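*Asks:* Here is what each chain is made of, one letter per residue.
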Amino acid sequence: DAGVTQSPTHLIKTRGQHVTLRCSPISGHKSVSWYQQVLGQGPQFIFQYYEKEERGRGNFPDRFSARQFPNYSSELNVNALLLGDSALYLCASSLADSGTPTFGSGTRLTVV
Amino acid sequence: AQSVTQPDIHITVSEGASLELRCNYSYGATPYLFWYVQSPGQGLQLLLKYFSGDTLVQGIKGFEAEFKRSQSSFNLRKPSVHWSDAAEYFCAVGLTSGTYKYIFGTGTRLKVLA
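Just so you know, the sequences run in chain order A and B. According to this note's numbering, the first sequence holds residues 124 to 235 in order. According to this note's numbering, the second sequence holds residues 103 to 216 in order.
These aren't lab readings, by the way, just hints derived from the structure by calculation. Fair warning: there could be bad hints in the mix.
No farther apart than 30 angstroms at their CA atoms in a straight line, the calculated lysine-lysine pairs in the DSSO-like style are these [to be verified]:
id	chain 1	residue 1	chain 2	residue 2
1	B	K151	A	K136
2	B	K163	B	K151
3	B	K151	B	K213
4	B	K213	B	K163
5	B	K213	A	K153
6	B	K151	A	K175
7	A	K136	A	K175
8	A	K175	A	K153
9	B	K213	B	K170
Everything numeric in this text was worked out from a predicted model, so none of it was measured.
Let the hints inform the model, and build the full structure from the sequences given.
*Replies:* Structure below.
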């Protein structure tokens, strides 16, 4: 079975640009969460979606937004990129909103 | 506020030696506790989890962890380390009310000497 799939795997953007990261959950999983992992740190929670509704949001500015589609895949959007947005962005999916998440391999975003 | 502390940033052990990685948490309610491992450039792989019941939990790859409520700790152990265990290890608390998010520690990087 396919695990959590994230695309692209690597991305380089310029300050001020916009970026969209994509996540396909494990088949049957209805909850998707996004985490930001800055180099040398643990992952930090950004969003959780369940059944296409936002269930939680971490301490991130409004430049960060996300959505979940009817097929449960998800997009994370970041506007007006800053150098500090450079990080590994991890997507995780679970069967239910309270289920143990399975993480994807992440998208490495570099802002220059 | 909820938090997870991993006091050891780096740990170096010889192959075949025993290992203990420390984790302390701060959370008012009964915690869901997890250990994840991350190889360079990779995502997180779940090693084990504790929800309730027996405080000694077994995980994959020969790892185990013990939940001690009185010490707010959830230390990870392995009796004999293999070179392939070199990676970064993260302890996490799963919040059980409201948003189901996970609070991660800053990680412990394990180096294994041949």
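*Asks:* Where does the structure disagree with the numbered hints, that is, which hint numbers, in rising order?
*Replies:* Violated hints (numbers, rising): 1, 5; every other hint is consistent with the structure.
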